[in-house]
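S.K.: As a plain string of letters, each chain reads:
Protein chains: 10
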Amino acid sequence: MDFLVRIETSRVSALPAEEYRDLLAREWARGQELHAQGILRTLWRVPGYQGNVGLWSARDADELAEALQSLPIWPLVTAEVTPLATHPLMTRIGQA
Amino acid sequence: MDFLVRIETSRVSALPAEEYRDLLAREWARGQELHAQGILRTLWRVPGYQGNVGLWSARDADELAEALQSLPIWPLVTAEVTPLATHPLMTRIGQA
Amino acid sequence: MDFLVRIETSRVSALPAEEYRDLLAREWARGQELHAQGILRTLWRVPGYQGNVGLWSARDADELAEALQSLPIWPLVTAEVTPLATHPLMTRIGQA
Amino acid sequence: MDFLVRIETSRVSALPAEEYRDLLAREWARGQELHAQGILRTLWRVPGYQGNVGLWSARDADELAEALQSLPIWPLVTAEVTPLATHPLMTRIGQA
Amino acid sequence: MDFLVRIETSRVSALPAEEYRDLLAREWARGQELHAQGILRTLWRVPGYQGNVGLWSARDADELAEALQSLPIWPLVTAEVTPLATHPLMTRIGQA
Amino acid sequence: MDFLVRIETSRVSALPAEEYRDLLAREWARGQELHAQGILRTLWRVPGYQGNVGLWSARDADELAEALQSLPIWPLVTAEVTPLATHPLMTRIGQA
Amino acid sequence: MDFLVRIETSRVSALPAEEYRDLLAREWARGQELHAQGILRTLWRVPGYQGNVGLWSARDADELAEALQSLPIWPLVTAEVTPLATHPLMTRIGQA
Amino acid sequence: MDFLVRIETSRVSALPAEEYRDLLAREWARGQELHAQGILRTLWRVPGYQGNVGLWSARDADELAEALQSLPIWPLVTAEVTPLATHPLMTRIGQA
Amino acid sequence: MDFLVRIETSRVSALPAEEYRDLLAREWARGQELHAQGILRTLWRVPGYQGNVGLWSARDADELAEALQSLPIWPLVTAEVTPLATHPLMTRIGQA
Amino acid sequence: MDFLVRIETSRVSALPAEEYRDLLAREWARGQELHAQGILRTLWRVPGYQGNVGLWSARDADELAEALQSLPIWPLVTAEVTPLATHPLMTRIGQA
Chain A
1 MDFLVRIETS RVSALPAEEY RDLLAREWAR GQELHAQGIL RTLWRVPGYQ
51 GNVGLWSARD ADELAEALQS LPIWPLVTAE VTPLATHPLM TRIGQA
Chain B
1 MDFLVRIETS RVSALPAEEY RDLLAREWAR GQELHAQGIL RTLWRVPGYQ
51 GNVGLWSARD ADELAEALQS LPIWPLVTAE VTPLATHPLM TRIGQA
Chain C
1 MDFLVRIETS RVSALPAEEY RDLLAREWAR GQELHAQGIL RTLWRVPGYQ
51 GNVGLWSARD ADELAEALQS LPIWPLVTAE VTPLATHPLM TRIGQA
Chain D
1 MDFLVRIETS RVSALPAEEY RDLLAREWAR GQELHAQGIL RTLWRVPGYQ
51 GNVGLWSARD ADELAEALQS LPIWPLVTAE VTPLATHPLM TRIGQA
Chain E
1 MDFLVRIETS RVSALPAEEY RDLLAREWAR GQELHAQGIL RTLWRVPGYQ
51 GNVGLWSARD ADELAEALQS LPIWPLVTAE VTPLATHPLM TRIGQA
Chain F
1 MDFLVRIETS RVSALPAEEY RDLLAREWAR GQELHAQGIL RTLWRVPGYQ
51 GNVGLWSARD ADELAEALQS LPIWPLVTAE VTPLATHPLM TRIGQA
Chain G
1 MDFLVRIETS RVSALPAEEY RDLLAREWAR GQELHAQGIL RTLWRVPGYQ
51 GNVGLWSARD ADELAEALQS LPIWPLVTAE VTPLATHPLM TRIGQA
Chain H
1 MDFLVRIETS RVSALPAEEY RDLLAREWAR GQELHAQGIL RTLWRVPGYQ
51 GNVGLWSARD ADELAEALQS LPIWPLVTAE VTPLATHPLM TRIGQA
Chain I
1 MDFLVRIETS RVSALPAEEY RDLLAREWAR GQELHAQGIL RTLWRVPGYQ
51 GNVGLWSARD ADELAEALQS LPIWPLVTAE VTPLATHPLM TRIGQA
Chain J
1 MDFLVRIETS RVSALPAEEY RDLLAREWAR GQELHAQGIL RTLWRVPGYQ
51 GNVGLWSARD ADELAEALQS LPIWPLVTAE VTPLATHPLM TRIGQA
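Chains as they are written, first to last, in UniProt numbering: chain A, 1 to 96; chain B, 1 to 96; chain C, 1 to 96; chain D, 1 to 96; chain E, 1 to 96; chain F, 1 to 96; chain G, 1 to 96; chain H, 1 to 96; chain I, 1 to 96; chain J, 1 to 96.
Next comes chain A alone, as it looks inside the complex (with noise of 0.2 Å):
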C-alpha cells in the first residue's frame, strides 16, 4: 500500500548544532536502509517547509508505523500520512 508521509521537523532543526549533526547522520543512514527495503520509496524537500514530504509504501499501517517510529527523530516529529489508492485513470493509461 502507498502512503504520503509529510514529516514536520521543526523541533529537530532547533537542537544544537552538533547534536543536529550526529541526529541526521543518524537519520540518513536509517533513510537509506528503509529506502533500501522499499518501504521509503522517494523523498522531497518542500522549500521553506521545516520537513519533507514523501512517499512510502508498507504492507499495512502496522509495517508503515513501525518504520515511521524507527527513526531516529521520531520522538522530535509529526507526521501526517495519507493512504493513496489507484486512480482509475492510471489504470486506464496502465501505469497503476
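Take the hints with a grain of salt, since some may be wrong.
[Unchecked claim] If we take Cβ atoms under 8 Å as the criterion, some of the chain J residues that face chain G in the derived model are: (1) M1; (2) D60; (3) A61; (4) A65; (5) V81; (6) L84.
[Unchecked claim] Computed footprint of chain H on chain G, listed as stretches where at least three residues anywhere in the stretch have a Cβ under 8 Å from a Cβ of chain H: (7) 39 to 46; (8) 79 to 85.
Honestly, the hints are just simulated from the structure, not real lab data.
No residue lacks a Cβ here, since even glycine has one placed at the ideal position from N, Cα and C.
Given chain A, work out where chains B, C, D, E, F, G, H, I and J should sit, using these hints.
M.R.: Only chains B, C, D, E, F, G, H, I and J this time, still in chain A's reference frame:
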C-alpha cells in the same frame, strides 16, 4: 456509554529517554488496569501521529474524566473526546 | 487493515424529504451488504453531528475507496479516513 | 449526564420568511416539550451568532442524539456537543 | 450579564508537581471566593480537556476581566469568553 | 458595555442587484437609528472584506443581540462579537 | 520542476448524473493527454476524499497553471499546489 | 502605501460560461484602468488557486477599498489585504 | 490611517514576576508616549484574552510598524493588524 | 520563476539580545548577497508580524530551497512559499 478518545502525546515523546521509559512503563500498567475494568476497550496507533486513538466506555463523563486523569501521562497530554451514540443501522443489523 | 472513517452528510440531510427517505433506504441496504462482507464493522452516531463515525476494514486503500464510493450518498459527502495500526499495549494484553 | 450544545442555524435563518416563521413555531413547541422533560435545561442566544448555546441533560449519548434529531430544524443545522463532567471545586462547595 | 468561559490550563498541568499542588490550592481558594460573590456560578470539567468550562456572571466586561485576572493561574492560561443573551424561548417558558 | 463587532456580509453582496439596493437602503436607515441611540457608535470598512467592523455599546448582551437582530441584513449574516473591557493604561491616562 | 497537486472536486461530484458522466469523460480524455505530455506523471485517489492527489511536472508555474486551467473540471475545483525540491538523501542514494 | 492583495474568485469561475466571459471582459477593462492609475501595480496567478495575488498601491485604506469595490467581480469575491511596510534591508540596499 | 491592532501577549504573562513587572512598567511608559503622539488612540482589554485590542493611527504602514516595534514587549508578541477604511454610513451621518 | 515567500521569525525575535543582534547582522549580510544574485528581489515588513514577506526568483524549487536554507535564521523559522505564474492581464498590458 462509548467514547472515541484521541490522545496527543508529543510532549511525552520529547522527554529524556530514561524519564520516557519509566513513564511509559507506568502508563502501560495503568492501561492494563483500565482495560481489565472494561473502561479502556481498545486502542490503536495512528501511523505518524504522536498519540493514540481508543474506544473507551464509562457510565458517564465523570467516570471517563477520572479514568483519563488517572493516566500517568495525563499532565502532558491533551485528549479529544467524542461521545458515541448507537447507530440505527447497527440496531437493525442486531449489533448495537 | 482497520480504518476509522468519519463521514459528513449535511448535504444529504438538507435534501427534500422524499428524496432523503429514498436515498437513506438505498444507503442502509448497501450498508448491510458492506457489514455482511466484514468491510463496515461498526457504525456510531455522534450526537449533534450530521454524519457518522465507523470502524471499517479492508485489504488496502483501494478496497476501502471502492467501498466508500459504492455508497449511494457518496456524491454528496466527504469522509475523513484515519488508518489504524495495532497498539503494542493491545498486543501485550493479547487483544490485538 | 450534562452536555453543552452549540447549535448553528445560519441555513435556517436564510429560509424564505413564511417558511422560517412556520419552522420556528414548530421548533419552539418541540423546545418546550424537551424543556418540560428536563432534557433541554436552559438556552442562551449569543449576540451576533446564528444559533444558540444550551445546557442539555440526558441519560446518555443515545438519548441526546434522539432529542437533537427530533428538533424540526435538525436537517438544516450542525451542533457541537461537549460532554460535561463534575468539577471537584463544585463538589467541595457542595454544588455538584 | 452571563458569560460562558472556557479556560485552557495545559501550561499549568505541566508544572513540577509541588508547584502545581501549591498553585491549585491557591486557585481553589480564589474560586470559592468568586463563587461566594456569585461571579463564578458553576464550573465543569470536560473529559480529556486540560481546562474547564464555566458559567460566570458579572456586571460587565470590566468586572469579568478583573475576576479572571485575579485567578492565581491567570498568567499561564488563555480563556475564551462568550457573552450570553437571554433566549426568547426561556422568556416564554418563564425561566429567563 | 462596549463590543467590537465584525459582521460578514458575503451572502448579502451576492444578492440580485435590485434586491441588494433595496436591502442596503433599509439597512442604512436602521443603522442611522442605532447610531442615534448610541448603540452603533462607529463603523469601518475593511478593504477587501465583504462586511464591516464596528464599535457598539449596549447595556448588556441582550440589548446588543436585539440590536443586531433588528438589522434588515441579519438573516444573511454572521457576526463575531468581542466584549471590550477598560484597559488600565487608559484609566491611567484618564481616557477610560 | 515537480509539484504535488491536491485537487478537491466536491462540486463536481454533486452535479446531476448525466452532466457528471459527460464532464468526467472529457476530464479523463484531457488527463490522458497531459499524462502523454509528461505533465501529469501520476495520480492517486485518497479514500473518502472528493478529489485526487497527483505528481505533476512542468517547466515552471506558468506551464502548471495552464495545464490545471485546461482541465474541463477547472471552473468547479480548487487545487493546492506544493512545489517539490530534490532531497539530498535521494541525491546521495542516486535517485534524485 | 503598498498592499499585498489575495482575491479568491471561486464563485466567479462557477458562473455560466457566457456570464463568466462578459464579467471577465469588464473586469479586465477595469483592471487596465487601475493599472494605468498606478493602483494595481502587478498581478500574478497562483497555480491551482481560483483567484489571484497582486501588489496594489493606494494613498490609504479608503482608496484601496474604493478600488477593490470598483471591480465588476467585487460582489462575488473575498479579498485578503496585507499592508506592507518598508524593510530596513531594502533601505540599506537602497531599493526601498 | 486607522488600524485595528490585536496584540497577543501570552509569552509576556508567563515571564518571572519581577521581569514581568519591570517590562510592564517600561511598556506603559512607551504606551503613554505613543498615546500622546496620537498613534495609540485607545486600548481595550478583552476578558480572558492574554493581550489587548487597540485603535491605532499612523501615516502609513511604515509608521505603524515602527511604533509596534518600539514597544518593549515587541520581541515576545505577535500582532494582527487590520487596516480600517471609512464607512459610507459614517460619511452620511457626518462622523467619518 | 517567481515565488511569494512569507517567513515567520518569532523564535528569532525571542533570542537573548546579543545573540539576536549577531544573528541579524549575519542574516542581513546573506540577504544582501541573495539580493545581488537576483534571488531575493524585494522584501517587506508586515506591521505587527514577526517576520517578512518577500518576492524571490529562482530557476526552480531546488534553487529556492537552497537559498532559504542558506539563511542564518533558517533553523529557527518556517516559511510559506507560493509559486507565482504570469497573469494574462499583465501579458495583455505588456508587463508580464
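S.K.: Regarding the hint that J:L84 lies at the interface with chain G, is the smallest CB-CB distance below 8 Å?
M.R.: Since chain G brings a Cβ to about 6 Å from J:L84, closer than 8 Å, the hint holds.
S.K.: Can the hint on J:A65 be confirmed by a CB-to-CB distance to chain G that is less than 8 Å?
M.R.: holds (4 Å)
S.K.: Regarding the hint that J:D60 lies at the interface with chain G, is the smallest CB-CB distance below 8 Å?
M.R.: Holds - the Cβ of J:D60 comes within 8 Å of chain G, reaching about 5 Å at its closest.
S.K.: Should the hint that J:A61 touches chain G count as held when the rule is a Cβ pair under 8 Å?
M.R.: holds (4 Å)
S.K.: Can you confirm whether chain H covers the segment 79 to 85 of chain G, using C-beta to C-beta distances below 8 Å and requiring at least three such residues?
M.R.: holds (count 3)
S.K.: Are at least 3 residues of the segment 39 to 46 of chain G within less than 8 Å of chain H when you compare beta carbons?
M.R.: Three-residue rule not met by the segment 39 to 46 of chain G, so violated; n is 0.
S.K.: Return the status of the interface hint for J:M1: holds when the least beta-carbon distance to chain G is below 8 Å, violated otherwise.
M.R.: Holds - the Cβ of J:M1 comes within 8 Å of chain G, reaching about 5 Å at its closest.
S.K.: Are J:V81 and chain G close enough, Cβ to Cβ, to be under 8 Å, as the hint says?
M.R.: holds (7 Å)
Going down the numbered hints, you'll see the structure goes against just number 7.
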